[in-house]
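Enquirer: Residue strings, one per chain:
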Amino acid sequence: MSDDVFDEVGLVAKNLHASYGAVEVLRGLDFEVAQGKVSVILGANGAGKTTTLRAICNMCNSSGDVSLGGVDISRLGTAEIVRKGVAHVPQGRGTFPELSVTDNLLVGAYVRKDKEINDDVDRWFEIFPVLAERREQLAGSLSGGEQQMLAVSRALMSRPKLLLLDEPSLGLAPLIIEDLFTRFTNLNKETGLTMLVVEQNANLALDMADVGYVIESGEITLSGPADQLKSDPAVQEAYLGA
Amino acid sequence: MTWNFDILPDFVFNGLSLGAIYGTVALSLVLIFKATTLINFATGELAMIGAFMVYVLHMEQGLWLWLSILIAMIISAGLGALIERTLTRPFDPADHLPVVLITLGLFLIFNALAGDIWNYQVRLLSNPFGKFPSWVPGLGGDRFVMVLGSRLKYQSIGIWLTLALALFLLGLILNRTKMGLAFRAVSSNVESARLVGVHTGRTLGFGWAIASAFGTLGAVLVAPQLGGVNPNMMATILIYALAGAALGGLDSLGGAVIGGILIGLIQAVLVMWLGVVVFGQAYMSILQLAAAFVLILIVLLFRPSGLFGSRRVERV
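Sequence order for the protein chains is A and B. Take any residue in the first sequence, count from 1 to its spot, add 3: that is its number in the working numbering. Take any residue in the second sequence, count from 1 to its spot, add 13: that is its number in the working numbering.
Isolated chain A, as found in the complex (with noise of 0.2 Å):
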C-alpha cells in the first residue's frame, strides 16, 4: 500500500471484540473515521463506549482488526500504538496530578524527537492562557475544565494523527462543555485532526461530528451521518430528550 493511504482511510474497526473475564463488553463492532473527520459513538453508561476505546489502543483484552491508515495496528502495544499517531484522552482527564502543568505538556511529546516540542509547549499555552499562568503548579490542582484542556493539550503535543476523546464532557459545567466543544470542532476545522468522540452528551457531540454511531450492550445499533442520527426518532427519544 502507498503512504497516502491514510489520506482517504483513517482508522477502521472491523469485528472488534472485547471482554473482562467472561464478560463479553464488545460483540463485534465495525466503525471507521474518515480522515480529518469526526465520528462519535453515543451510548449509555456500560455500553462499551470506554471499551471501544481502550481495544482500540491495545489496552484491554480485545481482538478483531483495528487499521490506522491502512496499516494493521491491533497487535501492537500501547506504546507502539502512540508512535503510530494514537492520541488518547481517557475518561476522568488522564491528566500526571503530581507534575507540573509544564511537565505534563512535555511527556506528553514523549515520543518526539524533533525540537519543537518548547514551541508547541508555547503554542498550547498561547490557546490556553489558563494553563500558561499555571505552569508551574501541579495538574492535580487545577479545576475540572482546565484539567481537562490540559489533557487534550498533552495528548495533542505527540502530534498525532487520530485524537481519541472518552467523553470529554464529564463531570463539567455546561459553559465549560460549550467552550471545549467549540475548540474541539475548531482543531478538526482548522488542523485537520482526525477525531473520535465517545460521549453521552448527543446534542453538542452529534453538532460537531461527521458520522455517528450508538451502541447498545457492545453491539452497533444505528449508524450513519451525524445530521441524519439527530433527527432519528430512536436518537432523538434516547439521547436528545425529545
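Be careful, since some hints might not be right.
Cut-off 25 Å, straight-line C-alpha distance, at most; resulting in silico cross-link-like pairs (BS3-like, lysine-lysine) [claimed, not checked]:
| hint | chain 1 | residue 1 | chain 2 | residue 2 |
| --- | --- | --- | --- | --- |
| 1 | A | 233 | A | 192 |
| 2 | A | 116 | B | 191 |
| 3 | A | 164 | A | 40 |
| 4 | B | 191 | A | 87 |
| 5 | B | 191 | A | 118 |
| 6 | A | 116 | A | 87 |
| 7 | A | 164 | A | 87 |
| 8 | A | 17 | A | 87 |
| 9 | A | 87 | A | 40 |
| 10 | A | 164 | B | 191 |
| 11 | A | 233 | A | 40 |
| 12 | A | 164 | A | 116 |
It is worth saying that the hints were derived from the structure and are not from the lab.
With chain A's structure known, arrange chain B on it following the hints.
Expert: Same frame as chain A, now just chain B:
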C-alpha cells in the same frame, strides 16, 4: 536524673549520621514504592550483596575503594533491573501480594546465598571516610573535629556529603532527563504514561536500577559503623529505613530523607541520650528497634500519608 547536656552534641551527630544512612536506604524503598506502590522487602539484602561486591573488589582484589563502590552500584543497578524484568513484570501490577511475596523470598534467598558464600562472620571493610584527607588544613589524618565540645567524626561529614551529592544527582536524573520525566509520569499515572508512549516496564526497571544502586551506597556507608560487612547487616537498618520512609511519607523522596534523619535523631537523642543517659534506664538501649516499630504504628494509625506524602485520592 542528670541532664548531661555536654555530651548531647555527640548523640545529635551520631543520630544525624545514622539518619542519613537510613534516609539513603529509605530513598531506595520510596523510589520503588512511588512507581509501584510496593514495598520491596529485598531492598536491604540487595544492598548487602552490593556491600559484599565492594568487599570482594576492594578488600580481596585490591581495587581502589571508590572505584569498587562505583562498580558495585552499577552491578546492583543491573541486578535490580533484572529482578524487575524477570520476577515482577510478569505479574499483574494491580495485584500486590505475589510481588511482595517475591521480594520476601528474595530477602531470604540473598541472605542465605551470602551466608553460604561468605559465612556469617563480620568482615572488615575499609571506611571510605576514616580520616580527614591530608589536604584538609589542620585536620588531615584526624578522625574527628571538635565541635561544641564534642567529636564530630569525619565519617559523619562524609556520609552527609555523599547523601547530598547523591540527592543532587537523583534530582538531576529525575527532573532533567527524559527517562526521569517518564519515571515521574509512571509514578503519577501508569495508564496515562502508557498513553503518551512510555514503555512502563522499562521505566520501572530503571526505577529498580536506581533504587538498588542507592541501597548499595547506603550499605557501604553503614558498614564501618557495624564493624564491617556480614549477611545480616541490613536487617535492622531496613526496619529503621522503613520507619523513616513511613514517617516521611512513602511516596515522597524528600520525605524519605527527612524521615530517615528524624528516625536517626529519635534513636540517638530520645532513646539513647534521654532514656539511657538522662534517665539512667540502661535497658532502653535494646529498645531502639522497638521505638522504630512503635513509630511506624503511630504513623500508620494517625497519619498514614506521613509528613510529606500525598494523600491518595481514589477517583471513581
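Enquirer: It remains to establish, for every hint, whether it holds in the given structure.
Expert: Against the structure, the hints:
Using a Cα cut-off of 25 Å, the hinted pair residue 233 of chain A and residue 192 of chain A holds, with the two alpha carbons roughly 21 Å apart. For the hint pairing residue 116 of chain A with residue 191 of chain B, the CA-to-CA distance comes to about 11 Å; that is within 25 Å, so the pair holds. Between the alpha carbons of residue 164 of chain A and residue 40 of chain A the distance comes to roughly 11 Å, so the proposed pair stays at or under 25 Å and holds. For the given pair, residue 191 of chain B sits about 20 Å from residue 87 of chain A by alpha-carbon distance, which is consistent with the 25 Å threshold.
For the suggested pair residue 191 of chain B and residue 118 of chain A, the alpha carbons sit about 14 Å apart, so the restraint of at most 25 Å is met. Among the hinted pairs, residue 116 of chain A with residue 87 of chain A is consistent with the structure: their alpha-carbon atoms are about 14 Å apart, no more than 25 Å. With a C-alpha separation of about 8 Å, the suggested pair residue 164 of chain A and residue 87 of chain A falls inside the 25 Å cut-off, and the hint holds. Between residue 17 of chain A and residue 87 of chain A the CA atoms are separated by roughly 18 Å; this keeps the pair inside 25 Å, and the hint holds.
This hinted pair checks out: residue 87 of chain A and residue 40 of chain A have alpha carbons roughly 18 Å apart, not beyond 25 Å. Restraint check: the Cα-Cα separation between residue 164 of chain A and residue 191 of chain B comes to about 23 Å, which is no more than 25 Å; the hinted pair holds. Our distance criterion of 25 Å between C-alpha atoms is met by residue 233 of chain A and residue 40 of chain A, whose separation comes to about 17 Å. This hinted pair checks out: residue 164 of chain A and residue 116 of chain A have alpha carbons roughly 16 Å apart, not beyond 25 Å.
Of the numbered hints stated above, none is contradicted by the structure.
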